[in-house]
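Visitor: Below are the chains, spelled out letter by letter.
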Amino acid sequence: MSIFYFVAFLSIFFALMTIFTKNPVHSVLYLVITFFTFTIHYILLNAQFLAVVNFIVYMGAIMVLFLFVLMLLNLNKDTEPMKSHLIKFMGAIAGMCLLATLLGAFHVIEANNEFVTGNTDVGLVKNLGKVLFDEFLLPFELSSILLLTAMVGAILLAKKETKEVNG
Amino acid sequence: MDNIVQNLQGIPLNHYLIFCSVIFSIGVIGVLIRRNVIIIMMSIELMLNSVNLLLAAFSAYRGDASGQVFVFFVMALAAAEVAVGLAIVIMVYRNTKSVDIESLSKLRW
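Protein chains in written order, with my numbering: chain U, 1 to 167; chain W, 1001 to 1109.
If you are wondering where the hints come from, they were derived from the structure by calculation, not from laboratory data.
Keep in mind the model is a prediction, meaning the values are calculated, not measured.
There may be inaccurate statements among the hints.
Selected chain U positions facing chain W (in silico; Cβ < 8 Å) [to be verified]: (1) 35; (2) 50; (3) 88; (4) 126.
Ideal Cβ positions, reconstructed from N, Cα and C, are used throughout, including at glycine.
Chain U on its own, in the form it takes in the complex:
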């Protein structure tokens, strides 16, 4: 059971490093490590499909996209815009207030302290596939349309506008 607490500590540590590091490239790399710890959490929950998808899609695709854009725009520590210390301090206070509210709510409702058992079979690819292609078939197809739309939109937005000659 100590694995969970160790990995949770690592997640929180690297998440904090992500938002407090000045250099954006280092920030992305810390976020990759954070997502890797999340993959370990999924494995601990026996959600194997989510672990693999998190590893490939989040760590592999999305983070590489972030890194690619950062390097394409040639951002580094010198060009990083920073807020004033007062704004930073107020932002941190506001976030802490949110955290305190959430923790207070959990304390009041006293969510049952039952244990999460990871030995359920729901996270296996076979079972998830059955659910996904049976009762969630329509949302699945809609998400494919969403991804297609996003792909077209991204290309359309990022494409250099060609100068129109004579309208």
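Here the structure of chain U is known, so what remains is to put chain W in place on it, guided by the hints.
Guide: The following block gives chain W in isolation, referenced to the frame of chain U:
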């Protein structure tokens, strides 16, 4: 694998709630204190991930696969959001030579 799964037996649901709230709050703080648009989007990813983990934890707790299917949809949505968002960032950078979120304030007119 069995050994790892056995190790999980002792983790209360409450601790998952607390852990995911902490990660979510870190994401909120990241949105509030940074000015780089790309870092703000990364903080949003952090928030989405904390919610994903909590959904997966509840799904494992209830023995219901719907939660994990929902996580799958959230991941697809996050991928689409990042693709379009980064395209917009590139477009803004081309026009203003800056990724400062303040440079978008002229959009209000």
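Visitor: All hints are to be evaluated individually against the structure, with a verdict given for each.
Guide: Hint check results:
no.: 1; hint: 35; in the structure: 7 Å, holds
no.: 2; hint: 50; in the structure: 6 Å, holds
no.: 3; hint: 88; in the structure: 5 Å, holds
no.: 4; hint: 126; in the structure: 11 Å, violated
Consistency with the previously given hints fails for number 4 only.
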